[in-house]
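Start from chain B and add chains R, U and A according to the hints.
Protein chains in written order, with the working numbering: chain B, 4 to 338; chain R, 4 to 338; chain U, 4 to 338; chain A, 4 to 338.
Please note that the accuracy of each hint is not assured.
In this list, chains with the same sequence are indistinguishable; a pair is considered to hold if it fits within one copy or across any two.
Said to hold, decoys possible - Restricting the straight-line Cα-Cα distance to at most 25 Å, the calculated cross-link-like pairs of lysine to any residue (SDA-like) are: (1) 92 - 121; (2) 250 - 172; (3) 207 - 169; (4) 85 - 108; (5) 207 - 188.
Treat the hints as calculated values from the structure; they're not laboratory data.
Protein chains: 4
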Amino acid sequence: METRLTATVVGATGYTGAEVCRLLSNHPFVELTVATSERQAGTPLFAACPWLTSEVVLSRFDPELLTADVVFLCQANGMAMKVAPALSKRMKVVDLSADFRLKDTTLYPEWYGFEHTSPGLSPWPAYGLPELVDRGSITAAQIVANPGCYVTASLLALVPLMKGGLVSGVPVIDAKSGVSGAGRSRSETEYLLGELHGSFKAYKTTGHRHIPEIEQLFGGPVRFTPHLLPVSRGICATIHVASSASKGAVYDCWTRFYADEPFVRTQGAPPSTKQVHGSNTCALYADFDERTGHAVLVSVIDNLVKGAAGQAVQNMNLMLGLPEVAGLPTDGVWP
Amino acid sequence: METRLTATVVGATGYTGAEVCRLLSNHPFVELTVATSERQAGTPLFAACPWLTSEVVLSRFDPELLTADVVFLCQANGMAMKVAPALSKRMKVVDLSADFRLKDTTLYPEWYGFEHTSPGLSPWPAYGLPELVDRGSITAAQIVANPGCYVTASLLALVPLMKGGLVSGVPVIDAKSGVSGAGRSRSETEYLLGELHGSFKAYKTTGHRHIPEIEQLFGGPVRFTPHLLPVSRGICATIHVASSASKGAVYDCWTRFYADEPFVRTQGAPPSTKQVHGSNTCALYADFDERTGHAVLVSVIDNLVKGAAGQAVQNMNLMLGLPEVAGLPTDGVWP
Amino acid sequence: METRLTATVVGATGYTGAEVCRLLSNHPFVELTVATSERQAGTPLFAACPWLTSEVVLSRFDPELLTADVVFLCQANGMAMKVAPALSKRMKVVDLSADFRLKDTTLYPEWYGFEHTSPGLSPWPAYGLPELVDRGSITAAQIVANPGCYVTASLLALVPLMKGGLVSGVPVIDAKSGVSGAGRSRSETEYLLGELHGSFKAYKTTGHRHIPEIEQLFGGPVRFTPHLLPVSRGICATIHVASSASKGAVYDCWTRFYADEPFVRTQGAPPSTKQVHGSNTCALYADFDERTGHAVLVSVIDNLVKGAAGQAVQNMNLMLGLPEVAGLPTDGVWP
Amino acid sequence: METRLTATVVGATGYTGAEVCRLLSNHPFVELTVATSERQAGTPLFAACPWLTSEVVLSRFDPELLTADVVFLCQANGMAMKVAPALSKRMKVVDLSADFRLKDTTLYPEWYGFEHTSPGLSPWPAYGLPELVDRGSITAAQIVANPGCYVTASLLALVPLMKGGLVSGVPVIDAKSGVSGAGRSRSETEYLLGELHGSFKAYKTTGHRHIPEIEQLFGGPVRFTPHLLPVSRGICATIHVASSASKGAVYDCWTRFYADEPFVRTQGAPPSTKQVHGSNTCALYADFDERTGHAVLVSVIDNLVKGAAGQAVQNMNLMLGLPEVAGLPTDGVWP
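Just chain B, with the same shape it has in the complex (with noise of 0.2 Å):
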């Protein structure tokens, strides 16, 4: 491909901002142009984040002055709304906060904490999982909201059980995440090593943020609560539900359903969630316990791919009208 096409990525020092940086370094058609961070304008990204090697020089976001043909957005919740809809009259926006993720916008002062200031932007964005939305409404849009990693693992083990009929009751979603999902600026005690190491806890056991956004597409009420993996990346939901179905029909239903879909794989057992380190893959399990009539499902992903950065490139390269696969790995790095 002669032409490349260029990317902007704005908080580019974060966790999902880095990582959207170094699955871009081996992407075969686009390319990091602008990388922005309020702190560390100025300085070289390479020397920014150590273990990233792009030359590029941090700047200061500037909206006016932003051109790309993509932009990913990895502010914090509560910058995106107030940028993406004029960024997107010129640019595809790939927005990796929470800031589009619910179309019921009156659910953002319970849940977030802010008042959304874009209630009624038209058309608005679509929901990029693509694996479970009309990947046409991706392609189509201008702005791809960009799922929650706990909604991610979560939904790509539910959805097809749902619409096979195969789920009833309230499912438990019992899911553990890798540190990195708190992101990097966190300053509290509690995120040291010396505090974690070696150790593991629930955190926020009920009204956790991710909930409304799996109910979004869930259709109905779940039971959620996420605990603190002693690792950087990582997530697993074991996902309890009430089902008369086997454990057969499980498989049989994710297997037609996810066919043609690179990304989503089945296993005879239970997935770790270093398999997919590193990769765009999630891997599900199911298993059915007869004494009690309930399904069990294992979804993994790396929180920070196909629960952020990755998801983003899938987001991006389908926004764009590239190979949905280009650039990203599928095989983890293990061990």
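Frame of chain B; chains R, U and A shown alone:
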């Protein structure tokens, strides 16, 4: 105290046996005088297990020659049921295997894969979960069956609420354990640090052996799935159970039930497994999900202490008429 | 013992302060009666530090009001030199900071960045490395300067050989420490678990503050570089030093030197840091590289126990006339 | 490129073999068409190694039937020297074992415990450390001996300084490696996560097999001790060497030497092993200790990439006339 009592540990180089040795090294009234190992007989304990400093020389286990005030049986399942009845005529026996945990011995073939060889033993050994059973049954017993680790964590959270009528439906117990629960002699590739470091996975998603033991005391069916944490020690059981109780009602129930217990504590934030590292404490936390009508219970223990060797020493203290807390740390090794 | 002695811990919620509290919770003769924290005054210790079970309520540090048999000063460097002289008139003082470690107080500006405010204190506090100094200096002292963690690990290996004339040239000390050595209040991104998990790096490759303290007792210059291990606790010092001694000669020297020491052990295989986790033991190992004429010494300690709080309690025991080993575990928490 | 070249990986389910497969899955010009495993023949690669997605079915290794453009030999030491000479008549051979690393084959009995069976092979295979040898020797070779992991990390730091006359005396190389360096088939208890988690230790304190390989290119004796890090991947070599060079002189030397190298970088702060996780990059840092007259060099690589599979693919690229960087990531997977 002028005369010290003597203890034997059978299987002293495994994780639970060595942990009994460690705890006895700080015990004010009981001294380790014999430690057995089939493979390392002739080696001083400090050489076989360099974290221990005992100079006791390991010997082979010969039930007929053994003399001690108390013996801890820390072998694989299936051994204790052969030797405990005879030993119990000469000394107190604490069995850390599963051999006497299930009163209904017809369950052993299905869950453990062997027939019980002493199904009619009378009196049947006491079940050594002091906070949940009649302590008199332990003090009077010649043999105590030390409970399973997942069982201890789960039941300490559930039983008070069950007795208080605060739970309904089938509890979903989503449990996570450090790898020491799998023992020290695993030669499978999957237990290598290279495979597990930075990773997390479910295992035995249905049908784990601790299920009938949980149900025996809980009194009804439970949904149970365990997971492997990439840490040495620690169990966290997260229990989702339909309930009409408020958060306050759960805490009131626990607080009353455990008012005088030195080893069970409730707290206002989710406990981390590391806070009980090396200690005999169980820490409990509760939340209530009004959206779905579930109580969320979190229980953490050190699987090798309150989940094995510490509870065994606690049972020994009761059996020998010593203070229940003797030699048992309540503070965790943090960070 | 009928009357228990009383101890105060100043700075009880930091890693070293809390570790003193943990050790005192098992101490047969000394009781923690006052614990201070400027930030969390008014909170019970068990609530501020959930791994502790003490019900002592944290208070602000007021040197004038303090009464106790012994006080542990566990604050940042620069505080103890202001309060220790006055406190020492009323009680025994163990200072865990660096304030009294260097007898040549003119070194403080260069290595610590501040002028010493009590340069002429007389008698100068004893240096509390019991195995290497005259124990009488500790038992007689009102103030003891508790040594640095890297210093303890390095000198316990080196000093006997130096005194035995077995080393020549400049020792190369390549040291590795768990993150708790950096303290609990680090808010830099680099101490987050996300940054350090699964990683390892050198830091302060030249000019670390423990160098003059090592040289003070060793009596000559040393080459020293520390590294950060992705673990909570533990120090391993690997020392490469030109020598004409055989491996056997090194062990003979150590064995004679430490014959009666309860906390120093030699062993025939390289020790792992975890074998001393939570214990006051130092484990030593030696090899000899005939190809290059170097002795290779390996020394491991728990940086928070023998490297800080445990050695502080050991010093306290000596200062109060108690058995030196009282309340100090020698067995490590493994696995 | 219309025609893709074909590659075979012999020993595909070990850590280095599987890593070659992972790298080839992203290679633009070379395709994995045959993967062998004696134990798992008949199983698809994705099932034997769930982190890989290749559908190639594992087969037994039959040197006579093999056809490919390039073969990677990833077996235990002692196998390649038997099959490589014949294979090299039909295809390019990259040997990841130690069989052809030492030109002086009389060293094999002492360091590896076996006699070399092809001591007179002519031409002797090229040594595949592209940055330090004549690249023409690699491009012309039919067999390339892929260097050891510790060797690569150590020599990339040392050789430029040695050639520049900046080092004197015997370098002390204190090296630390993640456990994947020990391979995937270790069944010893000591490699269990339970034993190694949260721990660190030296091993093979003298006499490690990589010493003669380091000395072969360095040209003089080195003092070398390796350590085991409680992580999956990553090597950090800290080198203390007497020198009269300033810090600036070291950087100048490196910068000139590596000016056009895509896989070697210098940086102003000590690198962490994780910054090169999954990448083919070597990161270098230097400091100078004026007090003792030593340069301190720090070199980090991913032991499975630049230390094994990545360097093997780099050699393959050179041997097949492809761009040296094809298919090789330079950015690390962080956090």
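Now for the hints, and whether the structure bears them out:
{"no.": "1", "hint": "92 - 121", "verdict": "within (15 Å within a copy, 68 Å between copies)"}
{"no.": "2", "hint": "250 - 172", "verdict": "both (18 Å within a copy, 23 Å between copies)"}
{"no.": "3", "hint": "207 - 169", "verdict": "between (29 Å within a copy, 22 Å between copies)"}
{"no.": "4", "hint": "85 - 108", "verdict": "within (14 Å within a copy, 58 Å between copies)"}
{"no.": "5", "hint": "207 - 188", "verdict": "both (19 Å within a copy, 24 Å between copies)"}
Violated hints are absent here; each numbered hint is respected by the structure.
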